[in-house]
Structure formats: C-alpha cells, structure tokens
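**Student:** Going down the list, the protein sequences come from chains F and Y.
The first sequence begins at 1 in my numbering and counts up one residue at a time.
The second sequence begins at 1 in my numbering and counts up one residue at a time.
The reader is advised that the hints may include incorrect statements.
It does not matter which identical chain is used: a pair holds within one copy or between any two.
Computed cross-link-like contacts, DSS-like style, restricted to lysine-lysine with a CA-CA straight-line distance of at most 30 Å [unchecked claim]:
#: 1; residue 1: K255; residue 2: K225
#: 2; residue 1: K109; residue 2: K226
#: 3; residue 1: K214; residue 2: K147
#: 4; residue 1: K214; residue 2: K125
#: 5; residue 1: K214; residue 2: K226
#: 6; residue 1: K225; residue 2: K161
#: 7; residue 1: K161; residue 2: K57
#: 8; residue 1: K214; residue 2: K161
#: 9; residue 1: K225; residue 2: K57
#: 10; residue 1: K226; residue 2: K90
#: 11; residue 1: K107; residue 2: K59
#: 12; residue 1: K59; residue 2: K290
#: 13; residue 1: K225; residue 2: K147
#: 14; residue 1: K147; residue 2: K255
#: 15; residue 1: K161; residue 2: K293
#: 16; residue 1: K293; residue 2: K255
#: 17; residue 1: K214; residue 2: K121
#: 18; residue 1: K125; residue 2: K234
#: 19; residue 1: K147; residue 2: K234
#: 20; residue 1: K226; residue 2: K147
#: 21; residue 1: K234; residue 2: K161
#: 22; residue 1: K107; residue 2: K125
Worth flagging that the hints you see were computed from the coordinates, not collected in a lab.
Here the structure is a predicted model, which means the values were calculated and not measured.
So the chains spell out like this:
There are 2 protein chains.
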Amino acid sequence: MSNRITQLFNIQYPIIQGGMVWCSGWRLASAVSNNGGLGLLGAGSMRPEVLREHIQKMKVATAKPWGVNVPLLYPNIEELMDIITSEGVKIVFTSAGNPAKWTGFLKEKGITVVHVIANTKFAAKCADAGVDAIVAEGFEAGGHNGKEETTTLALIPHIRKVCDLPLIAAGGIGSGNAMAAAFALGADGVQIGSLFAASEESSAHEAFKNLVVKAGEGDTLLALKKIGAVRLLKNSFFDEVVSAENAGASPDELKTLLGKGRAKKGMFEGELSEGELEIGQVASMIDSIKPVKDIMHVLLSEYVLALDRLSSVSYRFNNL
Amino acid sequence: MSNRITQLFNIQYPIIQGGMVWCSGWRLASAVSNNGGLGLLGAGSMRPEVLREHIQKMKVATAKPWGVNVPLLYPNIEELMDIITSEGVKIVFTSAGNPAKWTGFLKEKGITVVHVIANTKFAAKCADAGVDAIVAEGFEAGGHNGKEETTTLALIPHIRKVCDLPLIAAGGIGSGNAMAAAFALGADGVQIGSLFAASEESSAHEAFKNLVVKAGEGDTLLALKKIGAVRLLKNSFFDEVVSAENAGASPDELKTLLGKGRAKKGMFEGELSEGELEIGQVASMIDSIKPVKDIMHVLLSEYVLALDRLSSVSYRFNNL
Numbered sequence: 001m002s003n004r005i006t007q008l009f010n011i012q013y014p015i016i017q018g019g020m021v022w023c024s025g026w027r028l029a030s031a032v033s034n035n036g037g038l039g040l041l042g043a044g045s046m047r048p049e050v051l052r053e054h055i056q057k058m059k060v061a062t063a064k065p066w067g068v069n070v071p072l073l074y075p076n077i078e079e080l081m082d083i084i085t086s087e088g089v090k091i092v093f094t095s096a097g098n099p100a101k102w103t104g105f106l107k108e109k110g111i112t113v114v115h116v117i118a119n120t121k122f123a124a125k126c127a128d129a130g131v132d133a134i135v136a137e138g139f140e141a142g143g144h145n146g147k148e149e150t151t152t153l154a155l156i157p158h159i160r161k162v163c164d165l166p167l168i169a170a171g172g173i174g175s176g177n178a179m180a181a182a183f184a185l186g187a188d189g190v191q192i193g194s195l196f197a198a199s200e201e202s203s204a205h206e207a208f209k210n211l212v213v214k215a216g217e218g219d220t221l222l223a224l225k226k227i228g229a230v231r232l233l234k235n236s237f238f239d240e241v242v243s244a245e246n247a248g249a250s251p252d253e254l255k256t257l258l259g260k261g262r263a264k265k266g267m268f269e270g271e272l273s274e275g276e277l278e279i280g281q282v283a284s285m286i287d288s289i290k291p292v293k294d295i296m297h298v299l300l301s302e303y304v305l306a307l308d309r310l311s312s313v314s315y316r317f318n319n320l
Numbered sequence: 001m002s003n004r005i006t007q008l009f010n011i012q013y014p015i016i017q018g019g020m021v022w023c024s025g026w027r028l029a030s031a032v033s034n035n036g037g038l039g040l041l042g043a044g045s046m047r048p049e050v051l052r053e054h055i056q057k058m059k060v061a062t063a064k065p066w067g068v069n070v071p072l073l074y075p076n077i078e079e080l081m082d083i084i085t086s087e088g089v090k091i092v093f094t095s096a097g098n099p100a101k102w103t104g105f106l107k108e109k110g111i112t113v114v115h116v117i118a119n120t121k122f123a124a125k126c127a128d129a130g131v132d133a134i135v136a137e138g139f140e141a142g143g144h145n146g147k148e149e150t151t152t153l154a155l156i157p158h159i160r161k162v163c164d165l166p167l168i169a170a171g172g173i174g175s176g177n178a179m180a181a182a183f184a185l186g187a188d189g190v191q192i193g194s195l196f197a198a199s200e201e202s203s204a205h206e207a208f209k210n211l212v213v214k215a216g217e218g219d220t221l222l223a224l225k226k227i228g229a230v231r232l233l234k235n236s237f238f239d240e241v242v243s244a245e246n247a248g249a250s251p252d253e254l255k256t257l258l259g260k261g262r263a264k265k266g267m268f269e270g271e272l273s274e275g276e277l278e279i280g281q282v283a284s285m286i287d288s289i290k291p292v293k294d295i296m297h298v299l300l301s302e303y304v305l306a307l308d309r310l311s312s313v314s315y316r317f318n319n320l
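Next comes chain F alone, as it looks inside the complex (with noise of 0.2 Å):
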C-alpha cells in the first residue's frame, strides 16, 4: 500500500493518529507509529518542558517517522516552536488557527507541515500557506469542532474538488469500513482520533477510558456554541452546559461555567462529573480497550474486507 500519504511521511499505513490533549503522548504515538501508522504528540495539553521530555523519549521509543500537533490558539507557542526546531521533529501538524502564520517558518526548517481544517475556505489557505497535506475534520469528531457542522461525508468530497493537496480525512473513522469510506470520498489518508485515546496507550485517565466504552448512540453532542463548539461525552458539567443554554446564557456567563483546567481534570485526573470530557460519535463503536497493534489490526483487516466487497460484482458495472 503506497500513496500520496506514505510516500510524505514515509509509514508503512496511511493512518494517522490525531493528536489529542490529555491523551497523545510517547507511550500512544510511538505505538502507532511501530505499528505502521504516524504517531502524534499531542501539544496542546503540555507545557513547554513537558513537550521536551516527550520529544526526547518518543527518539527512544520509535525509530519510525512520527510528529507533533500544535494548536496555533496556545497561549506561548513560540516557546513550543523552539523546542520542535531545536529537538529536530521533522513533521509538525497545525491545527485551530491560519496556516499562514507558521508554515513558512517551519518549511524552511526543512519540516513537513500539515494543518488540520474543517471547510473548502480553509483548504484555499493551506494551498497559499504551502502546506504540505490538510486534514479536513467533521461534524463527529471529538473535541473542538467548525461552525459549519459539516459532516466529514459531506466534507471531503467538497475539499477534493476545490484542492489537489494530499488530503487525511478525520472525524467517524472507527472502523475499516470507515477508512475504506474515506478513500471512496477521496481522501489518500485517514486520522484516527477516538479509537486511539480509549487504547491502553493512551495516557488519559482509565475512568474516562471506561466510561468511552460505555457510551451509546447519542451519548456526544456538541456543547458551548456561542464559545467555540466543542464535542463532549454527556455528564454532570454537559447537562449544567445544557441548562444554560437552553436558559438562554450569554457567551461570558458561558466562559465563567466552563472555567479552566475541565478537560485536564476529567480526561487526564478521571473527574467524570465535572470534567469536560472530549470524544467523537464513534465512542459508541469502542467496546474495550485495546492496545494499539490491535486497533491497527481490526482496522486494517475490515479495510481490506470492505475493499473486497466493493470489488465484488455486486458493486461492480460497465454499461454506463
């Protein structure tokens, strides 16, 4: 299996592990990538000594091709762009912010640059910016969300249209059957976000973990719109979340409940209740938690079964 996304990253599988707060660190993206996949530290939840020290032991754990997420939204994110450079990371993944802002700097570094979108206006600036591949994210992804709700069925057939770039299509791939779905859409990759943070590598919190395995159809929906949409799993703090919206509360009465430190507490200390608790839709998929080798390996044998459905003459005709 060869394409346009292996060939820029040099992995055996076009299967990217997205980086998440509270969830992607050494232990998670150097099992994904030992397991053919690109593994990614997830930024967005480490100060910049932790980032360091994950950086330092993910050259220890993996000598496979692996890379960083930065959130362009993090509060002192030239100190983490100094880290990255200095400690030589040769893929770094931007994401929540203009790609312009970064790209060139990283580039000429000699960095493969990604940044992760969720509409065609963004896809445009990712060609200016001169990315080097997009991700393009829908509506059931997990965590932090466009206010297009765009569905990634919806999505990725619009963003190849307009945009010729290597293309990872994120947000519902919980299954082989979904990959096979995104390559149909026409994507040349896959990220792969919720399947990973229930894996036993991922650091967060085994309570959360639990509770992602529990949860049914209907158990995520998006929260605190007028603030910057984000997917939660439903608990105590997304039902007082409800309340006040439904009561009609303003965007600053909305900042003061949600506070700081929710998604560290219930993802990363186990806080079930009161933590904000960021997952996508397939959580109702997740029935264990497994390690990454077998994640990587139910997903890659429905692939390849879903493939063969669909070269079967069923799906199959010639007299268009």
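With chain F held as given, fit chain Y onto it using these hints.
**Tutor:** Then chain Y, alone, in the frame of chain F:
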C-alpha cells in the same frame, strides 16, 4: 450491478430518491424510476385525494417500480393507507414513527415495506416488525433529523454491525464518491434527497431551487431541537428561530413561532424569507438545476471512478 436492494425492488441501480415534502410528486418520482432508480412519492405533504391523483399519474408515467413514502405522524394516516392499498401500490417507505404500527398491515397486502431510522434501537424494532429493508439516515440529511445527531459515516457501520437487513444509507449522499463510500460503510443502497429536490423535475418552487444552488458550507443547520430537530437552509425565519433559541425560548414559544404551513410556503410557494427551507448539507455541492437523467449519469460515472480508484494498487495491500 445486482445486489439485495436492486433485487428487492427490481431496479437497475441501488439508488432511491427520498420521498420529500413539496418536492417529490409524480414528475420527479417517475423520472427517477425511468432512469433506473426507485422513485418515491412524498405523501407527507399531500392531502389524501392529491396522493391518489399522483399515484394515478405515476401509473401512466412509468412502467418501472416505484413507491410511496408515508411519515407515520400524518394526521389521517388511515386514509392514506386505504388509498395506497386500493390503488395497488407495491412499495411503501414509512418514516418518523414506530415500524410496528403499519408493517404487518402492509405486508399482508403483499407490499414491500421499508422503514427509515436514525439509530440502532430502531434497527432492532424494524427487524422485529418484519420490514424488508431499512433506510438509516444521518445528521447531514435535510429536513427532520434524529436527536442523537449521528452522522452517516458513524451510523451505517454501527447499524450494519447489529442488523443484517438490506440497508440503505441516507444523508450526505451528494456524489458518486459518497455513494461508493456508503457501500464501503456496509450499505446495500443509497437514498438521495437534496440532489433530486433541486432537480428540474422536482415540484419545489424554482426560487427555492435557485437558493439551494447558491448555498455554501454551513448554510444549513439543525433548528428547533426543542420541538423536533429539522435541518433548514438559513433565511430570515431561521435567524428568528436561532435568536429565540439563544434567548432561551420554550418549546411552546417555538411552536408558536413556527406556526403552520411554513414548509409549503418556503419550498412550494417560494416565499424564501419566511418559509421553512428543508435541504441537506450537500446543498453546498449543488451548482445547477439539472434533469434527473443528468444527475443519475454524473452519480454513476463518479461512482465507477471511485471504485476504480479503490481497486488500484495504491489502496490495496496483502501483507496482513
């Protein structure tokens, strides 16, 4: 191309035209059936005598299989069912209700019954009720929408996992790429609404179709969640609803704001600012009003290309 869905309905391609209020009368449904798909009359917006008229016109307009979609919330549904059975309709799609209510009655008359669902709980109810197939519809679909907000990409693999019935994917199917993706996800067919709502043969008002052509990303969103979520194209009425919702409007206040007959006003009479304009996210991909024949041709051509791409060496490997 022959699979469980083409065989069930005795059609050439596993493409169903969704039965839509104010769009899918005999002109649209017969055009779809005459071009190898399955056309459905949308009874939801027809008084009983109007449905009878459309059924009788269908019999003249096509010799191919076709059906009727009946929303189970229809107030005098017994009258509709009487007409459907006395006129000898052979295929009925039911939606928005419990499949246990009418499936037995219709099956006894030898009618093929399909039920529309948005979650796995109803897939089990469909199996118990003895339907012949199910339509699973995701969040990106236009009009009325499930409260779980599960997208088609997340929904179809989950339904497939728990249910063996012939499965039709709906919501977000706006291209041949998406059609191929639906099959990759595990569906046996696709139901398409928006593309046909904006077709030449649709009975929707020309002004509404032109607005759909102009729609961009994020121009449709779910509204009225407190009284039953519906995906609408943004307009003055939509803005009024959002303002009311943001200010904490109660369900009763929203019902009063909605009033009666807004979908007819917007979609059928072309009152674009104050009408209710139901359309799916794929509206952003629709760039002209085309005849059904051309829509089918583009869909099938793109579908063949998508399958060819997936069968290329770039997407295959055998070393698992």
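**Student:** Check each numbered hint against the structure and report the violated ones by number, ascending.
**Tutor:** Hints 2, 7, 9, 10 and 16 are the ones this structure does not satisfy, whereas the remaining hints hold.
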